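Participant: Chain residues, written in single-letter form:
Number of protein chains: 2
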Amino acid sequence: MIAIGVDIGGTSIKGASITDKGEILDRFTCEVDKNDMPEKTIGDLCDVINQFLKEHHYDEPIAGVGIGSPGVLDLEKGEVKSSPNLLTWEHFKIRDFMESRIHMPVKLGNDANVAALGESVFGSGKEYNNVVMLTLGTGVGSGIILNKKIYDGNLHQGAELGHMVIRVNGHKCGCGRRGCLETYASATALIRETKKEMERNPDSEMHKVTKELGKCDARVAFIAARRGDKGAIRVVRNYIRDLSEGILNICNIFRPEVVILSGGVANEGEYLLERVRAYIKSFDYGMVHSPKVEVKVASLGYDSGKIGAACLVFDK
Amino acid sequence: MIAIGVDIGGTSIKGASITDKGEILDRFTCEVDKNDMPEKTIGDLCDVINQFLKEHHYDEPIAGVGIGSPGVLDLEKGEVKSSPNLLTWEHFKIRDFMESRIHMPVKLGNDANVAALGESVFGSGKEYNNVVMLTLGTGVGSGIILNKKIYDGNLHQGAELGHMVIRVNGHKCGCGRRGCLETYASATALIRETKKEMERNPDSEMHKVTKELGKCDARVAFIAARRGDKGAIRVVRNYIRDLSEGILNICNIFRPEVVILSGGVANEGEYLLERVRAYIKSFDYGMVHSPKVEVKVASLGYDSGKIGAACLVFDK
Chain A
1 MIAIGVDIGG TSIKGASITD KGEILDRFTC EVDKNDMPEK TIGDLCDVIN QFLKEHHYDE
61 PIAGVGIGSP GVLDLEKGEV KSSPNLLTWE HFKIRDFMES RIHMPVKLGN DANVAALGES
121 VFGSGKEYNN VVMLTLGTGV GSGIILNKKI YDGNLHQGAE LGHMVIRVNG HKCGCGRRGC
181 LETYASATAL IRETKKEMER NPDSEMHKVT KELGKCDARV AFIAARRGDK GAIRVVRNYI
241 RDLSEGILNI CNIFRPEVVI LSGGVANEGE YLLERVRAYI KSFDYGMVHS PKVEVKVASL
301 GYDSGKIGAA CLVFDK
Chain B
1 MIAIGVDIGG TSIKGASITD KGEILDRFTC EVDKNDMPEK TIGDLCDVIN QFLKEHHYDE
61 PIAGVGIGSP GVLDLEKGEV KSSPNLLTWE HFKIRDFMES RIHMPVKLGN DANVAALGES
121 VFGSGKEYNN VVMLTLGTGV GSGIILNKKI YDGNLHQGAE LGHMVIRVNG HKCGCGRRGC
181 LETYASATAL IRETKKEMER NPDSEMHKVT KELGKCDARV AFIAARRGDK GAIRVVRNYI
241 RDLSEGILNI CNIFRPEVVI LSGGVANEGE YLLERVRAYI KSFDYGMVHS PKVEVKVASL
301 GYDSGKIGAA CLVFDK
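First to last, the sequence lines map onto chains A and B. The first sequence begins at 1 in my numbering and counts up one residue at a time. The second sequence begins at 1 in my numbering and counts up one residue at a time.
Hints are supplied without guarantee of correctness; some may be wrong.
One copy or two, either will do: identical chains are not told apart, so a pair holds if it fits within one copy or between any two.
[Unchecked claim] In silico lysine to any residue, SDA-like type, Cα no more than 20 angstroms apart, as pairs:
1. 148 with 315
2. 208 with 82
3. 172 with 238
4. 230 with 192
5. 196 with 281
Since the hints were made in silico from the structure, they are not lab data. All values derive from a computational prediction rather than experimental measurement.
From just these sequences and the hints, can you work out the full model?
Facilitator: Following this line, the structure appears as structure tokens:
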């Protein structure tokens with residue numbers, strides 16, 4: 001069986017034909033103009049998909065199209081109710097709209113949940129039934145997989161682990177609260193703390209690293225820490241403590257078999273993982289009796305969303 | 001149908017015969033000596049149950065015995081692995097032990113989860129499918145009901161919402177971490193802050209209230225706040241903020257239809273509820289689109305555990 005998996009982003013829509021073994025066959029891309037109405041953006045997407053299917057012939061039938069969408073969704077109605085990054089999208093019935101134009105079943109899911117599903121079926125979570133994925137990027141996205149199915153809260157309105165407060169009265173969050181995990185464990189938060197430390201310490205290695213990279217991004221503190229810079233080590237240590245406290249909360253609530261980290265910061269790989277693992281090991285609840293929770297980085301990279309969207313069609 | 005519901009506590013075991021309409025028919029009690037081995041304690045319980053069933057005759061058959069137990073459980077094995085309040089209980093196979101002595105099916109559940117089940121089937125949660133209960137007592141216990149079933153994490157080792165950190169590096173918690181919700185929203189935490197404020201302020205109305213009650217318990221700050229004492233109002237306001245932050249985290253993760261509060265502090269009733277509701281209303285994530293979460297107090301009181309344990313037998 002083959003499905004089309006589609007990942008809607010703020011600047012582009014990426015898609016691919018994907019087998020039910022999780023293999024990507026062919027890819028396509030559609031640009032997004034944020035000012036366009038959704039009918040234009042998704043109308044263009046449907047044209048691209050129809051053209052794509054004319055140009056690519058497969059031995060197996062195309063079972064449908066899976067969509068990973070940002071924003072607040074109504075999965076029953078197949079509707080994007082609103083999206084912070086696509087402001088013209090208001091109560092847009094994307095499923096019906098697409099089905100009427102591409103004439104095959106369309107399945108809708110939240111982008112973060114769908115990416116977690118992809119990792120849990122074909123990526124770092126494939127050996128496990130209970131998986132939580134945290135995407136450490138501009139914000140902290142999350143997807144929860146319980147018994148191999150997406151869990152997204154009552155009426156699909158939960159699973160916002162990035163908006164779990166870990167410091168009451170902490171940093172201001174875009175959601176209106178203060179101290180959300182997102183304001184400490186996102187790449188944005190890491191860059192904020194990196195810059196603060198650089199201001200405090202003009203001799204920090206982080207200034208040199210920033211020049212080498214041409215910008216101050218989430219890699220700076222990690223690179224300087226690896227070189228032994230004390231300020232950078234402090235920034236990284238604090239970041240890992242806060243991320244790990246979030247993961248420990250997740251362990252005490254869901255006790256997943258694995259927590260998968262993705263997004264820019266997850267590229268730090270083993271350096272990040274071994275420190276997170278050491279932290280959570282020392283503070284795990286019910287230490288003696290509780291089953292251990294693995295921490296891994298995502299293995300599908302930017303394809304997890306597309307592959308997870310296809311899984312919606314395969315009903316995996 | 002009738003079942004026996006049993007609630008195991010640190011100082012006594014309470015039980016009752018309960019109909020599948022949630023009505024309590026007759027009650028029994030068993031004292032617990034913490035130093036006894038579990039075979040003695042539960043052997044005595046079985047004798048009491050057998051005697052109870054000899055003395056009470058019902059028109060309907062007894063379908064079985066449901067047990068709400070504290071501690072870390074292995075539900076597959078029907079075993080209490082350990083319990084902080086019953087230190088002699090180590091890998092005690094309570095289900096097999098009881099079934100061999102009372103000759104009917106025994107169902108085991110965690111005490112906090114079972115109490116939440118009771119409230120969700122016959123108490124304040126009966127109109128809802130998705131319920132979270134927080135018990136504000138010595139600690140903060142929690143039970144999560146998703147689609148009318150207990151959700152307790154992978155291998156039944158999650159759902160410890162009281163051990164969700166809301167202040168990294170906050171107050172020391174018995175679990176080994178710092179800043180758990182339990183260290184801010186339990187009755188114990190409220191008493192700690194009440195005493196701190198009384199020390200700071202020798203003229204506080206709270207000293208008078210403490211004298212009237214004969215002790216400084218979790219009611220003192222609420223009573224003095226109702227009388228307009230500024231220090232007490234501050235203590236209550238901070239308590240409600242931290243409790244509400246915990247509830248908001250729960251909303252963002254599970255988006256339950258209702259959060260039920262039980263335990264000593266929940267006796268503050270509407271005074272507590274209206275302030276918690278106002279707080280969570282002002283900081284709810286995705287405010288415009290997210291379904292509202294009700295906050296109520298438990299209606300079954302100390303019977304929720306017994307009734308919930310009976311629900312295990314009724315498979316409700």
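Participant: State the violated hints by number, sorted upward, taking the hints as numbered earlier in the document.
Facilitator: Those not satisfied are hints 2, 5.
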